[in-house]
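Chemist: Here's the letter readout for the chains.
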Amino acid sequence: MTSGGSLLLLILDLLGTFAFALNGALIAIRNSRIDIVGVIALAMITALGGGILRDIMIGNVPPETFRDWRYLAVAAGGGLVAFGFSPHLARFGNFIELFDAAGLSLFAVTGALTALDFGLGGGQAVILGAVTGVGGGTIRDVLVRKVPSVLSSTGGLYAIPALIGATIFVVGHGLGANQIVIAIVAAAVCFAIRMVGVHLDLTAPTPRGTKD
Amino acid sequence: MTSGGSLLLLILDLLGTFAFALNGALIAIRNSRIDIVGVIALAMITALGGGILRDIMIGNVPPETFRDWRYLAVAAGGGLVAFGFSPHLARFGNFIELFDAAGLSLFAVTGALTALDFGLGGGQAVILGAVTGVGGGTIRDVLVRKVPSVLSSTGGLYAIPALIGATIFVVGHGLGANQIVIAIVAAAVCFAIRMVGVHLDLTAPTPRGTKD
Amino acid sequence: MTSGGSLLLLILDLLGTFAFALNGALIAIRNSRIDIVGVIALAMITALGGGILRDIMIGNVPPETFRDWRYLAVAAGGGLVAFGFSPHLARFGNFIELFDAAGLSLFAVTGALTALDFGLGGGQAVILGAVTGVGGGTIRDVLVRKVPSVLSSTGGLYAIPALIGATIFVVGHGLGANQIVIAIVAAAVCFAIRMVGVHLDLTAPTPRGTKD
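Residue numbers (this note's numbering), protein chains in the order written: chain A, -10 to 201; chain B, -10 to 201; chain C, -10 to 201.
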């Protein structure tokens, strides 16, 4: 999509990368034993990890966001900004949440598109869309020893909006819809579900008999 | 092996996938903070993760079990069944254990075969057979923050039967034995050692001076 | 570099592999629930994991150290030695530290060189040099449920010397310096910073407002 030359999409994609990087760095900073190298490493892993996992799965190596220095620079920059200004970032919590939801939505759609471009089936493209959206945060959570938020029923829905957004895109793509239109619709739906989920604190069903 | 058209082996392989998925989902369900998406994700990771790791290592991408929708469907189905019926599954504990051992045995053998087919040496094929058998459960354990059972001296032997089964297959294959026969023998030995290990609660040696 | 036929570099590389394997096994042994298979598996993962991650990222599969039986044998041997002699290895702590720093330095340089050989840019080569140096230990730490030491501000600098060594090599390489000379200089600087960091217990900056 980026290579398609759409400047708008590139800018949104880089904004999502920046938001994911801020988010990863802030989670790292809350862990008192992590130093500046760890903060920047976790920012980059959060921002780029999902796309890297996807590209390794489809054989698109070196991974796209790793090859392109703009993604590396924006991800490292997000980590540095968070490192330098973390005490002041609390008041921007809502913006970070917005960017994070934007990143999730864009990554779910561009992840699904990349998978389709590499000839994978629709079901696989949906899964890889979701992996692109949630993969970086999952690696980050494993590294800082949290149960990955994608598995958990707390903090609002996370994987579900990504799966729905990727599904809309894959179905629309299969029906021959205009690619830019369906990408925007799919990302917007993902974004809306994510934001509603955060604000209403929605949770997916948990197994019967589980104690909350 | 699947592509070799052997219906019996395909069925056994899918049964092993289903058993691994049930097993992964049940472990997820025991963790009270994991929702339905997490349960199905862990079921699929447990069932497919080992083969995916192997295929990434040998450059067989997109990974075989990820390309083939039957594996994805069976793995997701195992997760859904476990989610819906978890309170009733306790009484099938022995069946799940049997299927799990069958999955381990089949994956160890098909993993080693795939590695040989891609031109790797015998030692590498043994390691990749074991990785195919234990890899999915290891990723699952990392995600739910357990020390991976493959590293641990509790719960009966797990990596050792897989290594022995893969070794028998690789040696037999190198000696020119009939591929189906040696596959069955290798899987049967792995299965037998695993089941004996579970029932006698066998453990591998631990380092001297370690407190149990 | 190995394929360049330099026997000295091969020997140093295998010594580094051995030291990383000893180190991984000793950390596994400290965890009382890990058996002999787990000790050897963690030794091999610590010694080979960084190079495997790098090679998967650049599409050099099967990974170089996995294809070459000498690396597998040396890594498994290091695990076995640690398993058999762990009570006696305490007195060799300084040697293990030296070898570990040597492994870090050599892996950072050979990792960066491999990335350049595969056509990656300078920034990417620096990152992959560091990944080669610290990746194996990071996977090990995740498996035994420690916060990866590469992220942490304790235990002396770890990622920073690797990043500096890889940077020196990449810059020297870009300026056309003799490859062997610049490799030795880069590895020596990395080694020196690592050893000084350990002995002075240097730490990288941590975020403001974090409690130590």
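None of these hints come from the bench; they were simulated from the model. Careful, some of the hints might be misleading.
[What the hints assert, rightly or not] Quick look at which bits of chain C chain B covers, simulated, 3 or more residues with Cβ under 8 Å:
{"#": "1", "region": "22 to 33"}
{"#": "2", "region": "88 to 100"}
{"#": "3", "region": "106 to 118"}
[As the list claims (entries may be wrong)] Sample of chain B residues at the chain A side, in silico, Cβ under 8 Å:
{"#": "4", "residue": "Leu(-4)"}
{"#": "5", "residue": "Val26"}
{"#": "6", "residue": "Gly27"}
{"#": "7", "residue": "Ala30"}
{"#": "8", "residue": "Leu31"}
{"#": "9", "residue": "Val50"}
{"#": "10", "residue": "Phe55"}
{"#": "11", "residue": "Ser75"}
{"#": "12", "residue": "Leu78"}
{"#": "13", "residue": "Gly82"}
{"#": "14", "residue": "Phe84"}
{"#": "15", "residue": "Val160"}
{"#": "16", "residue": "Gly161"}
From the three backbone atoms N, C-alpha and C, an ideal C-beta is built for every residue, glycine too.
Chemist: Which numbered hints turn out to be false for this structure?
Modeler: 2, 3, 4, 12, 13, 14, 15, 16
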